[in-house]
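Kindly generate the complete structure, drawing on both the sequences and the hints.
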Amino acid sequence: MKKLNLKYLLACLVIIVSLFITSGCLLPPVDTTPPTNPPPATSTANPIDPGWTPPSTDGQNQILPSIADVVALVRPSVVAINTEYTSYDIFNRPFTQQGAGSGWIIDEDGLIVTNNHVVENADSVTVTLVDGRTFSAETVRTDQLSDLAIVKVNAGNLSAAKVGDSDALRVGDWVVAIGNSLGMGISATKGIVSAQGVSLSVSAGQTQEDLIQTDAAINPGNSGGPLVNMSGEVIGINSIKIAQVGVEGMGYAISSNTAQPIIQQLVQQGYVIRPWLGVGLYTVDQYAVLRYSLAIDKGALITEVAAGSPADEAGIQAGDVITGFEGEEITSADDLIQAIQSHEIGQSVKITFWRGDSQNTTLVTLAESPPS
Numbered sequence: 003m004k005k006l007n008l009k010y011l012l013a014c015l016v017i018i019v020s021l022f023i024t025s026g027c028l029l030p031p032v033d034t035t036p037p038t039n040p041p042p043a044t045s046t047a048n049p050i051d052p053g054w055t056p057p058s059t060d061g062q063n064q065i066l067p068s069i070a071d072v073v074a075l076v077r078p079s080v081v082a083i084n085t086e087y088t089s090y091d092i093f094n095r096p097f098t099q100q101g102a103g104s105g106w107i108i109d110e111d112g113l114i115v116t117n118n119h120v121v122e123n124a125d126s127v128t129v130t131l132v133d134g135r136t137f138s139a140e141t142v143r144t145d146q147l148s149d150l151a152i153v154k155v156n157a158g159n160l161s162a163a164k165v166g167d168s169d170a171l172r173v174g175d176w177v178v179a180i181g182n183s184l185g186m187g188i189s190a191t192k193g194i195v196s197a198q199g200v201s202l203s204v205s206a207g208q209t210q211e212d213l214i215q216t217d218a219a220i221n222p223g224n225s226g227g228p229l230v231n232m233s234g235e236v237i238g239i240n241s242i243k244i245a246q247v248g249v250e251g252m253g254y255a256i257s258s259n260t261a262q263p264i265i266q267q268l269v270q271q272g273y274v275i276r277p278w279l280g281v282g283l284y285t286v287d288q289y290a291v292l293r294y295s296l297a298i299d300k301g302a303l304i305t306e307v308a309a310g311s312p313a314d315e316a317g318i319q320a321g322d323v324i325t326g327f328e329g330e331e332i333t334s335a336d337d338l339i340q341a342i343q344s345h346e347i348g349q350s351v352k353i354t355f356w357r358g359d360s361q362n363t364t365l366v367t368l369a370e371s372p373p374s
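Mapped onto our numbering, the consecutive letters of the sequence shown carry residue numbers 3 to 374.
Check before you lean on any hint, since a few could be wrong.
What the hints assert, rightly or not - Quick list of in silico lysine-lysine cross-link-like pairs, DSSO-like style, CA-CA up to 30 Å:
1. LYS192 x LYS154
2. LYS164 x LYS192
3. LYS300 x LYS243
4. LYS243 x LYS192
5. LYS352 x LYS300
6. LYS164 x LYS243
7. LYS243 x LYS154
8. LYS164 x LYS154
These are calculated hints, taken from the structure and not from any lab test. Quantities reported herein were computed from a predicted structural model and do not represent experimental measurements.
Dropping the structure here:
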């Protein structure tokens, strides 16, 4: 029995060894040749310039001025504006609300530029300088159409900002927005000029013209603050931001060249003089067509007519729909406002309008807009 087991074990060992030998043929052969080093590569190319050296970086000019220097220059001219105004709840009970915005000093004797929507209808307006001093507004003058306002405080020797030429801007120029962002104090953001001469409808019957588009972050509270160039000059007044899902870096500022004449009139006269028709307007839509049984589906619906106004003297009535102005088609309230503003005070213009089912024309002499 033991002899059989031994023979069996020897047979198994022979089989195992043969398997190892057979499987070895699947492995790559081992190279036993000793390694040799290749000869060094040689170049036959001729040198281009044996004496050439890289350009020197000594005296290289800085491409952009420091943004910190720009902020340091302008920041003393930027103010935080806080407002209080009365609102009413669903039971018509009054309560006080607060608002925050920005402004900038245009004159050392206390003249401050801001947006109309920052101070409009406010019961109180408070201005805080960068050094912490606080002043209550003595006078507020606003212009809703341009969204600009002037706030006067009783202070002197203030740090007035320098105003630049917005027409000299180019798309791609660096700009800095400075203001009371989120009502948390004066801060700065940087960006570039993304577009110029932008027109944007901001509400029914109101379109902002000649806006500067920038990707500098403009947040609630920045409204009314300055947009400045790299020389620290105010070239825009931050006013609008498009806040939608999927939209980034689309803020808008009123150009300084558009704002300057309006600011001057607000300071010198207290209001802005423009050609005036003397009507309230609503853009015709499906609701208006059904509500007033209109015969047309586009135009500027007259909602009210001021007594003694040019429209009143020309026989225009509430409920009429203006569809033409000096041969130009009018399809909305915006169209009519822009048409009026493009003409002169004292100029007679031909207006086409619908009353019920009949089309009519009349001549209107545009007058000077009265104080708000």
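Against the structure, test the hints numbered earlier, and report the numbers of the ones violated in rising order. none
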